[in-house]
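Peer 1: Protein chains in written order, with my numbering: chain A, 1 to 383; chain B, 384 to 460.
A couple of the hints might just be wrong.
Stated by the list, open to error - To give an idea of the chain A side of the interface with chain B (calculated C-beta under 10 Å), a few residues:
id	residue
1	Ala10
2	Ala243
3	Asp371
What the hints assert, rightly or not - Partial selection, computed: residues in chain B whose CB lies under 8 Å from chain A:
id	residue
4	Ala409
5	Leu427
6	Ala442
Unchecked claim - Pairwise CB distance ranges (calculated):
id	chain 1	residue 1	chain 2	residue 2	range
7	A	Val325	B	His432	43 to 51 Å
8	B	Leu451	A	Pro105	32 to 40 Å
9	A	Glu226	B	His452	48 to 56 Å
10	A	Arg211	B	Asp433	54 to 62 Å
11	B	His452	A	Arg271	26 to 34 Å
12	B	Leu451	A	Ser222	50 to 58 Å
13	B	Ala438	A	Arg146	23 to 31 Å
14	B	Asp433	A	Asp209	53 to 61 Å
15	B	His432	A	Ser222	26 to 34 Å
16	B	Ala438	A	Arg271	12 to 20 Å
17	A	Arg221	B	Ala438	34 to 42 Å
18	B	Leu451	A	Arg308	24 to 32 Å
19	A	Asp209	B	His432	55 to 63 Å
20	B	His452	A	Arg146	30 to 38 Å
Derived by calculation from the structure, the hints in this document are not laboratory data. Each residue gets a CB set at the ideal place from its N, CA and C atoms; glycine is no exception.
Chain residues, written in single-letter form:
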Amino acid sequence: MSRALFDLGARLRAAHTGRPVPVALYAPVLPPTNALAVSVDHDGEHVYLTATDGTTTLAGTDRDGLAALATLGATLGTTHRTLVVATRRDVVTLAALARAYPDEPAAPVVGWWDQRVDHPGTGAVHPVVAAARLRWVLGVHPDQERELDTWRTWLNVTTSGPHALLDVARLTASGSTLPGLLDANGADSAAWERYTQRLTAGRPWWARDTRADAALGLASRSHAVEWFESLRLDDPLVACAAAHDGTAVAGRVVDVDTASVVVEADRPLSRLRVDAKVTAWAGEPTDAGGPECIGGRVLAATVGTDARLTVTVGSLVRRPKGLVVGDRVTLRPGRVDPFMQATGRGLMAAGYYRGANWIAGRGQPLVRRGDVPLDVIVAAAGD
Amino acid sequence: MPGEPDPDRRERRVSGDLAPTLAALAARACEAAGTDLEDVLADLRDGAHDERTPAALRAGWAALDLDLHPTTTEDAS
Chain A
1 MSRALFDLGA RLRAAHTGRP VPVALYAPVL PPTNALAVSV DHDGEHVYLT ATDGTTTLAG
61 TDRDGLAALA TLGATLGTTH RTLVVATRRD VVTLAALARA YPDEPAAPVV GWWDQRVDHP
121 GTGAVHPVVA AARLRWVLGV HPDQERELDT WRTWLNVTTS GPHALLDVAR LTASGSTLPG
181 LLDANGADSA AWERYTQRLT AGRPWWARDT RADAALGLAS RSHAVEWFES LRLDDPLVAC
241 AAAHDGTAVA GRVVDVDTAS VVVEADRPLS RLRVDAKVTA WAGEPTDAGG PECIGGRVLA
301 ATVGTDARLT VTVGSLVRRP KGLVVGDRVT LRPGRVDPFM QATGRGLMAA GYYRGANWIA
361 GRGQPLVRRG DVPLDVIVAA AGD
Chain B
384 MPGEPDPDRR ERRVSGDLAP TLAALAARAC EAAGTDLEDV LADLRDGAHD ERTPAALRAG
444 WAALDLDLHP TTTEDAS
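Chain A extracted, bound-state conformation (with noise of 0.2 Å):
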């Protein structure tokens, strides 16, 4: 309830100011590379297209659309381009119709654009509606933010079809990008080139994955939502808002020594578990992104009968220089490496093609139970 009134708070003011209120200090992705915008349209028959590289603008529907896109360059070749589209719903719609016209140069192309878009942080593709509501609200119902036409027109943005499209991105992408977030283009890089490299040696570009290819790109998807989110919370603004989710717990320390730090809340909301690595800095959420003055796990976290919540840090990866009892600090997640996350796929990937590893098709899965969280429970009841 806290975030959900933070956000109306914030969509109040674009409300009252009549502009966009940003909620992310710094620009949520990248900037576009040789982008390539597509309008799609269709009618359950038909898919029409609209694409421009900002230059030369080009339309067609089913094949022809395809057969537009390269004609703009939407072809296997050195480098990736970035794909610019009003929502992800388009990437599916392209996604559709590259698979009934997979002999079309650009058909392979989508394909590869369809496998990044769920990569969170990815700049090969860029779905203008949902990378520019990470980086303003507008003051008009939520539901209103999920139309493009909403956002030309709180960005003042005049064009209309693909070259709107362009506008709005490089709105979005404009001023200081998110620190961390450039190393997206070398995964980008790393996938692409494993993709053509897969296909010029002879591997249709539809074929379906083999399972351990699957639980490689499910590993891969999962580690890019940790890897975004955890790279978001550097950006002050989104601290701010996760201080009302209990993402982010700003508070004052109240007992340090060389083995653990205890940190007074400033209100009763954490969502950071006992066990849960977390690391902090020293300040308010504003102050995000600065150097880490505290990187351990949580060894408990109580409320008291006065209501206040203490966390309590420990098992420190170093001792917590010049931290003294009364200083101001907000904790958070513990950061996420992406190379680190790069080594545990390497690792993954060996596994399966040794022994008798049931996802590369040897064995039987074994069966293991463990405790799940509540919360985990619920969500999948959920779904």
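Position chain B against the provided structure of chain A, taking the given hints into account.
Peer 2: Leaving out everything else, chain B in the frame of chain A:
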């Protein structure tokens, strides 16, 4: 009488310039938080301080006024 809505404020209907769908959403949220949209808007827009305005809502409204400076590549290195 304490707790009675201010008739003049009701007359002004400060939420009237909100889009109807947003106004309805905001009214429901304020009601759930134990307050009233008109009073909240009067507080936030006009500074008619109202202790019933939820702190989180006030923080969201004020986020635009935070003095923040993006870290540049030079700062980070």
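Peer 1: Now, for every hint given, state plainly whether the structure supports it.
Peer 2: Against the structure, the hints:
At its closest, the beta carbon of Ala10(A) sits 4 Å from a beta carbon of chain B; the interface hint therefore holds under the 10 Å criterion. Contact between Ala243(A) and chain B, as hinted, is supported at the beta carbon level, the nearest pair being about 8 Å apart and thus within 10 Å. At a threshold of 10 Å, the smallest CB-CB gap from Asp371(A) to chain B is about 32 Å, leaving the interface hint violated. Taking 8 Å as the C-beta cut-off, the interface hint given for Ala409(B) holds, the closest approach to chain A being about 6 Å.
Against a cut-off of 8 Å between C-beta atoms, the interface hint on Leu427(B) holds, since the closest Cβ of chain A lies about 7 Å away. Nearest Cβ of chain A to the Cβ of Ala442(B): about 6 Å, under the 8 Å cut. The hint holds. Checked against the hint of 43 to 51 Å, the pair Val325(A) and His432(B) fails, with Cβ atoms roughly 33 Å apart. For Leu451(B) and Pro105(A), the Cβ-Cβ distance of about 46 Å falls outside the hinted range of 32 to 40 Å, so the restraint is violated.
Between Glu226(A) and His452(B) the Cβ separation comes to about 28 Å, which falls outside the hinted range of 48 to 56 Å. In this structure the hint that Arg211(A) and Asp433(B) lie 54 to 62 Å apart at CB holds, the actual value being about 59 Å. Between His452(B) and Arg271(A) the beta carbons are some 28 Å apart, a value that agrees with the proposed interval 26 to 34 Å. At roughly 31 Å, the beta-carbon separation of Leu451(B) and Ser222(A) lies outside the given 50 to 58 Å, and the hint is violated.
In this structure the hint that Ala438(B) and Arg146(A) lie 23 to 31 Å apart at CB holds, the actual value being about 29 Å. Restraint check, Asp433(B) to Asp209(A): a C-beta distance of roughly 57 Å satisfies the suggested window 53 to 61 Å. Between His432(B) and Ser222(A) the CB atoms are about 46 Å apart, so this pair departs from the stated range of 26 to 34 Å. One distance hint, 12 to 20 Å for the beta-carbon pair Ala438(B) and Arg271(A), holds here, with the actual separation near 19 Å.
At roughly 37 Å, the beta-carbon separation of Arg221(A) and Ala438(B) lies within the given 34 to 42 Å, and the hint holds. Distance hint check for Leu451(B) and Arg308(A): the Cβ-Cβ separation is about 28 Å, which falls inside the suggested range of 24 to 32 Å. Distance hint check: the CB atoms of Asp209(A) and His432(B) are about 59 Å apart, consistent with the given range 55 to 63 Å. Roughly 32 Å separates the CB atoms of His452(B) and Arg146(A), a value that falls within the hinted 30 to 38 Å.
Of the numbered hints listed earlier, those contradicted by the structure are 3, 7, 8, 9, 12 and 15.
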